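S.K.: The hints should help you fit chains B and C onto chain A, whose structure is shown.
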Amino acid sequence: MVLKGKVAYINLSTRKLSQEFVPARMRTLYLGGRGIDMYMLYNHLKPEIDPLSPENVLLVGAGLLGGIPCLGSGRCDIAAKSPLTGAIGDSNLGGFFAPELRFTGFDHLVITGKAEKPVYLLVKNDEIEIREASHLWGKDTFETQTIIRKDQDDENVKSLVIGVAGENLVRFANILTGMKNSAGRTGMGCVMGSKNLKAIAARGTTPLEFAHPDELLEYCRQMNDMITSTRWSKAQSRWGTMIIYSNTNTTGLIRTRNFQLNRLEEGQDLEPENIDRYSIGTSGCYGCAVHCRHRYILREGPHAPLYGEGPEYTSLGAFGTMVDCKRMETILVANHLVNKYGLDTLETGGLIAWAMELYEKGILNDKITNGLKLEWGNEEALYELISNIAHREGFGNTLADGFRKAIPKIGNGSEYYAIQVKGMSNLHSDERPTPSFALGIATSTRGADHLRSRPAIDMYGLPEDVLEELYGGPVAPDYNSYDGKPRMVWWQERLYAVTDSIGLCKFQTVFCSVHAPKWKEFSKLIQLATGMEISEAQLMEIGERIYTIERLFNLREGFSRKDDNLPERYFKEPTQIGLPVARNKKIDRERFSKMLDEYYELHGWDNNGIPRTDTLKKLSLHKEPSNLM
Amino acid sequence: MSEVRCLNCLKRFPVLPKAETAICPKCKTKYRISWPTPNQAKVRGLA
Amino acid sequence: MQKMLAIDPEKCTGCRLCEITCSIHNEKTCTPERSRIRVTKWENEGIYIPMVCQQCDVPICETVCPMHAVKRDTETQALVIDNELCVGCRLCVQFCPFGSIGVDDRTKKVIKCNLCNGEPVCVKFCEPAALQYVDANTLNTRKRRAAAEKFSDILKKTLARF
Chain A
374 MVLKGKVAYI NLSTRKLSQE FVPARMRTLY LGGRGIDMYM LYNHLKPEID PLSPENVLLV
434 GAGLLGGIPC LGSGRCDIAA KSPLTGAIGD SNLGGFFAPE LRFTGFDHLV ITGKAEKPVY
494 LLVKNDEIEI REASHLWGKD TFETQTIIRK DQDDENVKSL VIGVAGENLV RFANILTGMK
554 NSAGRTGMGC VMGSKNLKAI AARGTTPLEF AHPDELLEYC RQMNDMITST RWSKAQSRWG
614 TMIIYSNTNT TGLIRTRNFQ LNRLEEGQDL EPENIDRYSI GTSGCYGCAV HCRHRYILRE
674 GPHAPLYGEG PEYTSLGAFG TMVDCKRMET ILVANHLVNK YGLDTLETGG LIAWAMELYE
734 KGILNDKITN GLKLEWGNEE ALYELISNIA HREGFGNTLA DGFRKAIPKI GNGSEYYAIQ
794 VKGMSNLHSD ERPTPSFALG IATSTRGADH LRSRPAIDMY GLPEDVLEEL YGGPVAPDYN
854 SYDGKPRMVW WQERLYAVTD SIGLCKFQTV FCSVHAPKWK EFSKLIQLAT GMEISEAQLM
914 EIGERIYTIE RLFNLREGFS RKDDNLPERY FKEPTQIGLP VARNKKIDRE RFSKMLDEYY
974 ELHGWDNNGI PRTDTLKKLS LHKEPSNLM
Chain B
1157 MSEVRCLNCL KRFPVLPKAE TAICPKCKTK YRISWPTPNQ AKVRGLA
Chain C
2 MQKMLAIDPE KCTGCRLCEI TCSIHNEKTC TPERSRIRVT KWENEGIYIP MVCQQCDVPI
62 CETVCPMHAV KRDTETQALV IDNELCVGCR LCVQFCPFGS IGVDDRTKKV IKCNLCNGEP
122 VCVKFCEPAA LQYVDANTLN TRKRRAAAEK FSDILKKTLA RF
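Chains as they are written, first to last, in my numbering: chain A, 374 to 1002; chain B, 1157 to 1203; chain C, 2 to 163.
Bound conformation, chain A alone (with noise of 0.2 Å):
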């Protein structure tokens, strides 16, 4: 039987178990990963609760098309409400662990308690154990999946886990499975800490049955040939994301010291060719065409030798241009030890940059930083301060809290210098001069992120025809212009919950190239991997089911138009270098209230960006919650 994935309810507390099957209703409404996550927070949690409370609940999901052989189907979905921002957590990581997962029997698990004493899960086949984890607790997240593979004497053993940061709950600590892999966004490893749950381990030999596996198997082949026969895909395969460095930097829409510069002058030495310097070769998920990450090895110097695996463009960011750190070995080292102790690499970087600016103002001082010296640049300053955040050490204690809660600490005006939104710090881009990706940041669901919508076709000069028929309706090819610029927005936050619902790769869709797979076939691929017959027009309005679930549990916690806004930066100082189309650029702030009003036009939402009813009944989201698992 195709489709026959079930889901556990484990809670932690009382140790009770219980499965079922992913009921289908589920699966055309939200089709699973993300998707499915998203309705079992808003349905199982109650508003306000504390994130860090047993009442939480940790959801793992994989996709419905998890484990298929095309388009990195290895993605899973991790969501809670979110410690850092108290909005919606929701991060997703590639690796091998969501397919592993569905090869047990399961697709989803619901974890809700607290354990009383360290505990890890093990999914063996249908069957689920909690088990002791006091050997692994204060283990580092490479070491932790090491030794679980050797008390099970397996090497196919895929874990989740969390690292030193996750114990002592840091806010923005990360879930990581392999070398690299991992949820870093909103928290969610900060959730297993206070779960007392060090790991997931999952082991699976059950068939994944197909509805047409050998038509299933052809299809794949040609959508991997699509997807790399993409110039964004040859060049991805060949550096990894990094080779957006190559682009935004000498464009200058790359945030460097924190939020004072739009380029990194002198930043060579971190263009993506260099990391051939140190990587053995790339290294791909599962089922992935494309391997984007580096292996990389560091032989020299004070941190040798390291093995280590990406970094990620975002990581050229945060250890690199936003502390103004030059060196692309910086990069790897920092890189390497935000992966061991499990920080989200984004959110550290931020943090530390936010600090240095502070640092530079006289905001904080040697007293405040016990004694680091957070000067620009400054990488032994850097890598301490990282310890210090995963141990909760010192100055790094207070960073360790993220935004909402440094900001009213460290008071004395350093709220204007933290570049976030809903308390979650912003990718190093800088939106100043793409009014599409300022919109992005804004309204995204789960705080300043990229992810969630990264409206970026207009960047290649494609012609308006070319965008009027990807968007389906009018798009200004400028991408300095603020019209069309919604349309954008609402079309890819869509289009990528349907992404992380099927559990495949952003990357190989509509993410840096218009000829990469979408609606149509993502529609193809479903009908043959299940045998749903799902049109493109429904998984766009299944897409837009997700986003609007979200947007509920956001309301229902507070949120509302006024959190969908930018620092206070954006609107008045306008970037100083770069290439003529990114300088002299600020967000204004009246054409940023009018996109705002014409995005939620387009998810039927009213001028408070509340869900009008005729919009919740269209997509059947007038009853939640509904309980249907």
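Don't read these hints as lab results, they were simulated from the structure.
Predicted model only: the values in this text are computed from it and were never measured.
Ideal placement from N, C-alpha and C gives every residue a C-beta, glycine not left out.
Careful, some of the hints might be misleading.
Claimed, not checked - Residues from chain A that face chain C, not an exhaustive set, calculated with beta carbons under 8 Å:
{"#": "1", "residue": "P586"}
{"#": "2", "residue": "G654"}
{"#": "3", "residue": "R668"}
M.R.: For chains B and C alone, coordinates are given in the frame of chain A:
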């Protein structure tokens, strides 16, 4: 011949094989070029 | 000349598309456990090595099989298991020096690579070309050339001095 896109004016223009630099014919911005594959040029930075 | 399934571990990215597609093609389900090819990994060091039957010229599996169930396909030269004869004694599993023969946990019979009757699916999906289905001589020539290039570089440098 491989093409790159000018990051300033977004015009696509051809790059000579193995070239290390290229100038946008429209806005005259000068770029350093790298090659992910022997047949595909990519802007690396400003020249 | 006879074609062979050649493996270049240096190119392998560890994505396991070979395992997945092998099982879908041969078993009609995605079950890496029943794949004829497996990627062995040293995850913490970033080393990935696909392992598959080498279709040995002097096959130990054939030698040890008491039922003579291991036969050579005359077209592809692949060693194939005759399921009618196989009694599931697993001697071949024990003796294969590459660990490339597995046991199907449902039928209890052994499974191994049969080169997909001359069109190996894993090769079609291997984007970095870590797996290639090539003429054994071609492979040999390529490797020779790659090795010779190192010498030729030295020679060129030496000659340039005169």
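S.K.: Look at each hint and say if it fits the structure.
M.R.: Evaluated hints:
{"no.": "1", "hint": "P586", "verdict": "holds (4 Å)"}
{"no.": "2", "hint": "G654", "verdict": "holds (7 Å)"}
{"no.": "3", "hint": "R668", "verdict": "holds (4 Å)"}
Going down the numbered hints, you'll see the structure goes against none, and every one checks out.
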